[in-house]
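Novice: Okay, here's what each chain looks like letter by letter:
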Amino acid sequence: MTDNALTKRKAPTRKPTAKKVDGGQLTKYYRDMMLIRRFEERAARAYTEALIGGYCHLNLGEEAAVVGLMSALRDDDYLFTNYREHGYALLRGIDPNRVMAELYGRVDGVSKGWGGSMHMFDMAHRLLGGYGIVGGQLPLATGAALAINYRGLDEVVMCTMGDGTANIGAFHESLNIAALWDLPIVFVVINNGLGMGTTVAKASAEPEIYKRASAYAMASERVDGLDPVLVADAATRAVASARVGKPFLLEVVSERLRGHSVVDPAKYRSAEEVAHLAQFDPVPALAARLVKEKILTTAEVHKIDEDETARADAADAFAKSSAQPDVSTLFDYNYATPVANDSRRLPGEPLFAAAARPSTEASR
Amino acid sequence: MTIKTYRQALHDTLRSEMLRDEDVFLMGEEIGVFEGSYKITAGLLAEFGDKRVRDTPIAEEGFTGAAIGAAMLGLRPVVEIMTINFSLLALDQIVNHAAKIYGMFGGQAKVPLVIRTPGGGGQQLGATHSQNIELYYAFVPGMKVVAPSTPADAKALLLAAIRDDDPVLFLENLALYNTKGDVPDHDTPAEIGRAKITREGHDLTLIGYSRMAYIASNVADALAESEGLDIEVIDLMSLRPLDRETLITSVKKTHAAVVLEDDWLTYGIGAEIAATISDGAFDYLDAPVRRVAMAEVPMPYSKVLESAAFPTNDDVINAIFQTLEAVGRRLKKVGQSHD
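Respectively, the protein sequence lines represent chains R and A.
Its first residue numbered 89, the first sequence is counted upward by one per residue in this note's numbering.
Its first residue numbered 8, the second sequence is counted upward by one per residue in this note's numbering.
Possibly wrong hints are sitting among the right ones.
[Stated by the list, open to error] Covered by chain A, per the in silico footprint, the following chain R stretches (three or more residues, Cβ under 8 Å):
| hint | segment |
| --- | --- |
| 1 | 200 to 214 |
| 2 | 230 to 237 |
| 3 | 263 to 275 |
| 4 | 412 to 425 |
| 5 | 431 to 440 |
Read the hints as simulated data drawn from the structure, not as lab findings.
The beta carbon of each residue, even a glycine, is placed where N, CA and C say it ideally should be.
Next comes chain R alone, as it looks inside the complex:
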């Protein structure tokens, strides 16, 4: 195992949580992580039951990273993310019922059933999209930061991505522009060591991705993504930097406990590696810490689990009961500004209604 996620875990930048953390805050982190964990497990079940279509990428194993990152944002800050996004949507404050309804493709979904797992969007909660094209969100997020700068506001854009995204051209173009123009943006690379099955070492000439920032004279940091406190601290520093016009690259070293998506059995990982991964699961690690530091009792930890399991089940029930979109709405979002001669033809319909032959009309 020369180039897998495990060796990466021994990176010298890893630091233990040194400072004393507020118990209430830690409990909230745990509740949020458990919300994501149980929601994603419920989504995976619905997917394997063929109730959810398309692709379905889960945040399992990344809960601490998601929780820490989202804790650093103000309500009026913006988030752009990729297709592994359910947890981000939940922690931006979007009702789990609406997130699950989107997975089911129903009218109550955050994107009204038009986006699915990869394309969730909610302007009210300033989640400006999950994006299905690797790297597609980077130029967009940079432009949102430009708009904030243009208007002289003090909001910040956070733009998250996977490790594979660091190798796409849009990464270079966006970081360069953000740094050139002093834009209020934090680029976050969730480095879970794997693209789909291709390791970071096989895809990135510089596998310590945060070092790429030096090419743009941009500040950067690498943080252990299995500890929500460390992630929150690093993200808070990064956001503070962006808020004064100094964009930031934050690399969050995480783990992907499952396959790339629900259907991926991850056969490229050895049994030994999979077994080894379990010890890097951030959720039981935080539970143990809460009990050890006497912040919560074991019974209280279980209660949080039960609460969040119930929320996930309720979201699933809500999604199942939400209406399917009516076919008559198919062309509702062709254009924001209505336009002449907009095509609203279903596949089997002719362009022009059948007309009498001109000879029978004696028109010629």
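Assemble chain A onto chain R, guided by the hints.
Specialist: Same frame as chain R, but now just chain A:
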């Protein structure tokens, strides 16, 4: 009315829209200090400053995407892509993002973006700088694509594009920048999605857009003079949406059509026009729909080879004569050979 070049009409419209709306700003390569490769933005940096006339790095994907993101937050960016050839570097942002965001998120975010970019050919710029690939964008639902051929329409369509809440690809043409025409002094936007009959006639429908609509008008005027032909000319103006009704109504009247395009014939814009006429006016046609398009080669540098590959007035005239022959019409010039 004021007589202006196509270039001046674009410049003046950008300027007046920037004065009207502070959310309108310009982005692109070399548009500020250098004043634009084709000088459309001359003087605007000095007048508006670098916040609103923003020189970008050579990064089409990055700055086009940034414009899309800024538009999602309510700004109204007008991006200049130096030539349409370079838009290929921004294809993912235009096709996968600008065109998708409104629908894909259930109508929650608009993208009021304009991408100005010229097509071309005929200037010995070689294979990578002589393409007309507006089809790539006209193919995509969610995009609007407009292509003015006169200074007046350049103004009216640019006004419409900037004030529209959807992504609009605004096709210019290198050969049109120095053409002149009357431009109204008032600010009245055109209606996107409408073609325009620029010359009424009964003998044949001649259809074009951008440079080829300009050629179509000139040829129709010349043939009226020399041959007494009464040709109806349609300027498509809007490639998406496509105004099919105007085409069909005209062909039902004239019974023949010639379609002009500066792109390639196979799968090109003209193919869609021909199919539309077949769908909507099949029984009215007295001759097959004829297309005039660029030769299907990577455009050579050699002037001789380029001239052979690029559609000319003579190519258009020949296509018209041959179509009218097929109809059975006797012409002063070519009709004699069939007596």
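Novice: Each hint: holds or not?
Specialist: Evaluated hints:
{"no.": "1", "hint": "200 to 214", "in the structure": "holds (count 8)"}
{"no.": "2", "hint": "230 to 237", "in the structure": "holds (count 7)"}
{"no.": "3", "hint": "263 to 275", "in the structure": "holds (count 3)"}
{"no.": "4", "hint": "412 to 425", "in the structure": "holds (count 6)"}
{"no.": "5", "hint": "431 to 440", "in the structure": "holds (count 4)"}
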